[in-house]
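Chains as they are written, first to last, in numbering that gives the first Met the number 0: chain A, 0 to 577; chain B, 0 to 352.
There could be a bad hint or two in this list.
Stated by the list, open to error - Below, computed lysine to aspartate or glutamate pairings styled on EDC-like, alpha-carbon distance capped at 16 Å: (1) A:Lys-30 - B:Asp-136; (2) A:Lys-206 - A:Asp-238; (3) A:Lys-154 - A:Glu-117; (4) B:Lys-267 - B:Asp-346; (5) B:Lys-8 - A:Glu-407; (6) A:Lys-435 - A:Asp-519.
What the hints assert, rightly or not - Covered stretches of chain A, going by a simulated chain B footprint (3 or more residues, C-beta under 8 Å): (7) 422-436; (8) 545-553.
As the list claims (entries may be wrong) - With the C-beta cut set under 7 Å, the calculated list includes, among others, these residues of chain B facing chain A: (9) Met-31; (10) Leu-144; (11) Ser-148; (12) Trp-153; (13) Ile-293; (14) Ile-327.
Hints in this document: simulated from the structure, not taken from any laboratory. The C-beta atom is built at its ideal place from N, Cα and C for all residues, glycine as well.
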Amino acid sequence: MIKLANTKKPSKLSFTIKRLTDFMRRLLKNKKSALGLSIILFFVFLAVAAPFLTPYDARGVDPSEPLVPLSSPNVAPVWLRFLPTWLGGNPHLSENMRVVNNPGRPSLTELKLEWSGEGTISSYIDENKGFPLQAPTGFSKFTQKGSLVIAYSRKAEEPHNLTKVWLYAEFDWPYTGPPGRFIGNICILVNGTTKPDGKLDVPLKVKVYLGKVDEKLWTLWPNPTVFGLTNMPIGFKEDPSLRVYDPKTGLILARFPWGIDRPLSGWPDINGWIISRTSPESKAGSIDSESNSLVNEYTEFGKNSFPHRIIFTGPGKYAYGLELTFLDQDSVEKDVETKVFVDDFGLIIFGTSFGLLGTDHQGRDLFSQLIYGTRISLYIGILVSVLSVFIGLIVGLAAGYMGRFVDEILMRITDLLLVLPGLPLLIVLVAVLGAKLENLIILLGVLGWMGFARMVRSQVLSIKERPFVEAAKAIGAGRFHIIVHHVMPSVMSLVYISLATSVPGAITAEAALAWLGFYDPVRMSWGQMLHNVFESNAITNWWWVVPPGLFISLLAAAFILLGYALDEVLNPKLRLRR
Amino acid sequence: MGLRAYIAKRLVNSFVLVILIIMVNFAIFKMMPGDPTAFLMQAWSKEPPEVRRQQEQLLKQMWGLDQPFHIQLIKYIRNLLVMDFGVSIINKEPISHAIGWRIPYTLMLLGGSTAVSITLGVILGIFVIQRRGGLIDSVAVTGSLIIGSLPTFWLGLVFILIFYTTLRWFPIAGGHPIWMGNYPVPWSYNVQASTSTLNVSLSLNAIDAWRLVGGYLYHLFLPFLTLTVFSVGGWLLLTRAAMLETITEDYIVTARAKGLKEQTVLFKHALKNASLPIITSAALSFGFMLSGAIITETVFSYPGLGGWIWLAIQFLDYPSLMAIFYIIALCVVIANIVADLLYGVIDPRIRYG
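In isolation and in its complexed conformation, chain B is listed as follows:
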């Protein structure tokens, strides 16, 4: 099987998976108790019965709930494929818009912390593997195991206790500086609100721009720290385990015997061969990035997607949840494909396997 056939097989598999995801997503929320029409009809409970019946009919027509199951499913799949998610139940905001303005926050938080913790974890893992069996090794491994099993929200609470309650260095809530007022993101594409938003972001002078960036970073710090501290240990362990597999292989001994520098041996010979599991995990964690960090974002009231998912869950906002589940699953599938492709590029054995 060549690289092309390998990719083709993965793509077909992924497409089947996406269709399956859509159907399961549809089924899960279809089976959930609680009828959105009934929920909205509460507002009409004082009207006479025939008016109510009419209204209910209207609502069902509007949402296509009067149509048979399979038509609903087909329409749903069509809408998803063109990224039309409908409106949120909570505030009638178009879901794509609600997701759109929150994505930058989540990308900033999770992208940043994932990247930093992977880099840091891999570097620390290599540092540790050079001293394997020693005190530093066992301390690092045990410490990573313990920190990795901490509940994230508790880690967040402890950081709040230290950095907010005691030291008063960082804020505990929000995602942007207060002086920006009601404009949550300067890059918001909400046209009605953005006439002023755009003015603000365009009229920023250099100092204000720096203050703006500083303000974002200032608010980002605590959730960022929480997530990074929480996940860096996992990357360390993964790197260590993967390197442990390769570092005792014969070709490493050969490389050393050739008189190569230790750095070259470690990075070129050991790390490259050990990088497969690291790349898979990295791709997966970037894939799951959009699901945000529900817990962390809730602890710090950070305006990302995680906090939004939590809000949607509280109000049982099914359309929003269906949309976000679909998007997350899609991202994970894409990440998997990317990981597979990288595999194929890095490891020739797989192409022909």
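Only chain A is shown next, with the shape it has when bound in the complex:
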């Protein structure tokens, strides 16, 4: 027996690894595949790193405050402000701004306090008392226990009159243009000494204002209430002398709040708090430049106007504040006190530009949608290509190797599916079965294998006549064994190429279907982004139109380039001809 002492047989694994690295080296030498692979890697990076690239979720919404839009709808990207106008830039764009950073616990570090009048004004922070519910939309991040107390007090027989207190935040508005919208909020609770009839000794008038310092300060709240539209804010008394009547029917069209004349108990009872909510269900007390436009007819803003466009006239110092008027006129002969608890006092200004790509028609971040859309496209593309190549491979092998009856049946089915109009059939099936992403993947896979099956079949037809297959048959190998071990390896190069080249079709098909309106409502894809462009008539927003389409085509082209390069690398015949 011959002893092979020092010839070490290379293990199968190391051989495979060597072959693989060799293949990769050849693949990377090819410029097209290098380009394609690097684009695919870039998209894989985007898909994996999406949570680190953007703070918002896949639909472009802030996950901690899903109900609040990130900015006004259909706004431009931030960088457009710095672009020259001839390139489409707009120097009048503005950005988001939070006027009070911690509205959950108002303090005098952020707010300023001034007063004029006779009484004594003191202010302190009450650690325990605060608006008990979760703060209104837009402010929930900043909920913190406690409130700022502004107390008016006067000893008996001291001089008394009208005392005005201003609690306000000053901020710089650096932009030349107005914002797209603003939402303000305030919660107040009033308490104090009372007269025998239960009314406050010192009743109170409340006003929230916003405006340019040294110019006009506009009253935002409390609003007049409009018949059939809004209700008087709870806790406020009406001033009947200011009612507006319809001259024809005599109905009351608008009523104006006068002020607060009763103490309100508050904690733990939420009913005592007077709140201005920005939610649509209580339009009454909202400080919202958009929803106010309905009520504006009876305010100083005027009919059909947008307060944010009127108030913001240019760059400068602006103030958002609360004006309290203590009407100390009766109860001269006793010590009086009225305490006002102020909570959740803040203002959010939505600019007319946001983020890297602006927002969509619901004020959602387009950049996040774009980044997260990568996942969907990759998911669909790869799964569909695997599924269709798998079906095609099995059909092709079966038809090619079994021949005769099997071949005839399978090829007639293939022909049949090939002559049916693909896209219309797909749309009909999706319309009927529903546009769930998984449905789409199965449909695309089931309708997309025919071309590949034909290629495999013709390859198998020529392979099965080769001597090595005959040899395998001669030593008694089973049909399955021959197909798997002798025929399949020679069609594997076709498999690799087809895996790469059938991805783009799936990606664009998904995009086309989503664009037509068949999208998975839960998952935002690039196609759906483009659908939204059309839906909201925002085709002039090129920063919204161009990126998704560009990404679709880049990703699709990358896979095509890869397939093309694989073809060149795996078919040495083609290489020789260059």
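Assemble the complex: chain A is given as a structure, and chain B must be docked to it using the hints.
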């Protein structure tokens, strides 16, 4: 196997295919959820139950839905073979009529763009193959790959952005000039409406006729551009690949060695031998022409068959969809036969293969 036997075999195969198509078509729509009778019975929902039952019975009788499955299928096949498609659910328009007046638009759009892109693609492909391996070659190949993988609707959107929103050169919707009013096509054969239509088309003077043609072309331009730009790259690649197969064959070397002109070598020797896959693809794409370009026609609201298919899908108008699927499949089968015949004519090897 001679040419005749070859053709006969193809024809038999095609006929079997057509019957299969009809059956599958029938099966697909039979299996679809949603009963057209139930849909129409919604209008009767306020009537008493016995009246409703009567009405439903009537409807089913009218459509033959009360008959057994195989009778329905046989009737369906008979109707299809004589091109009787019934009426559309949407507006009770006879389907053959609805298809009839839209076909010219689709033929104009898709026929034109297919022809232009094939011609352009083949010429560019030959141009590129002469410079293979060079910069122009790789730029053309990469560019074609990228443009070919663009979503068509997005390409349309970008063209709208450029030519309509920015430049205002071309309209974005419709297929005919507005001043023509409500007559969508002068060649419409709808008799009721066409008394006036015919008058209009007959009374056109020369200037108006030119304006009419100009108006059609004006509306055709953007969808035409979209489709052409989208598909020209594919033809370039196909030509290039096919030519690459032949151009290194020995007979080309021989032809060159004989001192033939490069043009003769390219067109007579290389292109003729490389033309088989091009012809097959061309025949197939002309075959699929009637399915229109659903996406492109929807983007530009073009009144062709594609837009109509989309409308039918939205309303789940099964009769219309069945008809159009059948017609498209028929066209593709015919195109396949034509391609096979051309094969046989061009390549003698196939006849005896």
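Hints, one by one, checked against the model:
no.: 1; hint: A:Lys-30 - B:Asp-136; in the structure: holds (13 Å)
no.: 2; hint: A:Lys-206 - A:Asp-238; in the structure: holds (14 Å)
no.: 3; hint: A:Lys-154 - A:Glu-117; in the structure: holds (11 Å)
no.: 4; hint: B:Lys-267 - B:Asp-346; in the structure: holds (14 Å)
no.: 5; hint: B:Lys-8 - A:Glu-407; in the structure: holds (13 Å)
no.: 6; hint: A:Lys-435 - A:Asp-519; in the structure: holds (5 Å)
no.: 7; hint: 422-436; in the structure: holds (count 7)
no.: 8; hint: 545-553; in the structure: holds (count 6)
no.: 9; hint: Met-31; in the structure: holds (5 Å)
no.: 10; hint: Leu-144; in the structure: holds (5 Å)
no.: 11; hint: Ser-148; in the structure: holds (4 Å)
no.: 12; hint: Trp-153; in the structure: holds (3 Å)
no.: 13; hint: Ile-293; in the structure: holds (6 Å)
no.: 14; hint: Ile-327; in the structure: holds (4 Å)
In this structure, none of the earlier numbered hints is contradicted; all agree with it.
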